[in-house]
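Visitor: Sequences and hints are given; from them, build the entire structure.
For the record, in the sequence shown the residue sitting at position 176 is 176 according to UniProt numbering, with numbers rising by one throughout.
These are computed hints drawn from the structure, not numbers from a lab. Heads up, the beta-carbon is just placed ideally off N, CA and C, and yes, glycines get one too. Please note: incorrect hints may appear among the correct ones.
What the hints assert, rightly or not - Okay, derived cross-link-like pairs now, SDA-like style, lysine to any residue, Cα gap no bigger than 20 Å in a straight line: (1) K190 with M95; (2) K198 with G212; (3) K83 with R51; (4) K83 with G59; (5) K83 with F99; (6) K254 with F226; (7) K34 with D233; (8) K225 with K256; (9) K198 with G58; (10) K254 with N235; (11) K34 with D20; (12) K34 with S11; (13) K205 with P15; (14) K55 with S89; (15) K205 with P6; (16) K252 with F226; (17) K198 with R214; (18) K205 with D12; (19) K198 with T178; (20) K198 with E56; (21) K254 with H27; (22) K254 with Y237; (23) K198 with Y213; (24) K69 with N242; (25) K254 with D233; (26) K83 with M43.
Said to hold, decoys possible - Label pairs and their in silico Cβ distance ranges: (27) C23 with A84: 24 to 30 Å; (28) N26 with D90: 45 to 51 Å; (29) D240 with S187: 28 to 34 Å; (30) N88 with K252: 43 to 49 Å; (31) H61 with A84: 15 to 21 Å; (32) S92 with D12: 40 to 46 Å; (33) T96 with R51: 17 to 23 Å; (34) K190 with V8: 27 to 33 Å; (35) L41 with N193: 35 to 41 Å.
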Amino acid sequence: MATRSPSVVISDDEPGYDLDLFCIPNHYAEDLEKVFIPHGLIMDRTERLARDVMKEMGGHHIVALCVLKGGYKFFADLLDYIKALNRNSDRSIPMTVDFIRLKSYCNDQSTGDIKVIGGDDLSTLTGKTIIPSHGANCCISEPKSLMGKCPSDVLAGLEEMLRKNHMNVLIVEDIIDTGKTMQTLLSLVKQHNPKMVKVASLLVKRTPRSVGYRPDFVGFEIPDKFVVGYALDYNEYFRDLNHVCVISETGKAKYKA
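Guide: Structure representation (structure tokens):
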């Protein structure tokens with residue numbers, strides 16, 4: 001079991017906030033139970049996480065790896081705060097960014113298959129399949145089909161840069177549920193021997209399905225509820241919400257795949 005990283009812990013009986021107290025898009029009015037984490041609280045917590053990241057990783061060039069799609073809002077806001085620290089400090093470090101897309105959910109359940117689609121420098125991933133060391137199912141997919149067998153040289157687009165420059169890697173994720181997806185990604189990144197690998201996740205879910213993995217930087221620890229908003233989705237919907245909210249049964253039925 002990993003050492004527990006500090007976080008804001010939201011209890012199982014947290015009532016949340018009435019939707020009428022916040023600005024919620026009308027098209028989602030019937031699809032949410034409550035606001036769980038207001039946007040302002042997310043931003044304040046993210047600002048503190050940026051300070052923690054710089055304290056632990058700020059001695060060397062950082063490659064920030066955004067896990068799409070759900071991580072993009074947290075990634076952008078976290079990097080904005082890190083850039084502000086760089087601007088206002090006598091000591092600053094360079095930061096480069098890269099992106100990888102992971103998908104393991106259909107409706108509100110994990111499928112057990114981790115689809116990985118690389119971005120710019122990770123375009124060599126397309127059409128290949130990964131078999132993670134811990135045995136979880138994992139595949140790298142093309143947009144229309146899943147093809148091929150698993151080579152060991154995945155994330156090859158990052159390999160030369162990481163080996164040559166011995167960089168720190170910060171993986172930025174929206175939520176850790178079972179932890180299997182992140183364990184898979186970590187095993188791939190570590191194949192390329194970066195100087196340091198740390199993970200920042202906005203949310204960690206308390207669930208009996210967890211494999212026990214916990215990130216290095218955690219925004220909020222939440223109960224076992226399916227949450228949406230702030231780029232977290234349910235079948236691609238709800239990414240346009242500012243707040244983290246609990247989806248209603250009506251919303252699940254309405255947007256079910």
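Visitor: Given the hinted pair K83 and G59, is their alpha-carbon gap at most 20 Å?
Guide: Distance ~15 Å between K83 and G59 Cα, so the pair holds.
Visitor: Hinted pair, alpha-carbon criterion (20 Å max): K254, Y237. Please report holds or violated.
Guide: 10 Å, holds
Visitor: Against the 20 Å threshold, does the CA-CA distance of K205 and P15 hold or violate the hint?
Guide: With Cα atoms ~16 Å apart, K205 and P15 stay inside 20 Å; holds.
Visitor: Given the range 43 to 49 Å, decide if the beta-carbon distance of N88 to K252 lies inside it.
Guide: Given about 44 Å between the Cβ atoms, the range holds.
Visitor: Assess, step by step, whether the Cα of K69 is no farther than 20 Å from the Cα of N242, and give holds or violated.
Guide: 15 Å, holds
Visitor: Measuring from beta carbon to beta carbon, are N26 and D90 in 45 to 51 Å?
Guide: Since N26 and D90 have Cβ atoms about 48 Å apart, the given range 45 to 51 Å holds.
Visitor: Hint check: K34 vs S11, CA-CA at most 20 Å. Holds or violated?
Guide: 15 Å, holds
Visitor: Range first: 17 to 23 Å. Now tell me if the beta carbons of T96 and R51 are that far apart.
Guide: 20 Å, holds
Visitor: When you check the alpha-carbon spacing of K254 and H27, does it fall within 20 Å?
Guide: The given pair, whose Cα atoms are some 11 Å apart, holds under the 20 Å limit.
Visitor: For the pair we were handed, K83 and F99, check the Cα-Cα distance against 20 Å.
Guide: 18 Å, holds
Visitor: Are K254 and F226 close enough, with their CA atoms no more than 20 Å apart?
Guide: 15 Å, holds
Visitor: Verify the proposed pairing of K190 with M95, using a straight-line Cα cut of 20 Å.
Guide: Distance of about 19 Å is within 20 Å: holds.
In this structure, none of the earlier numbered hints is contradicted; all agree with it.
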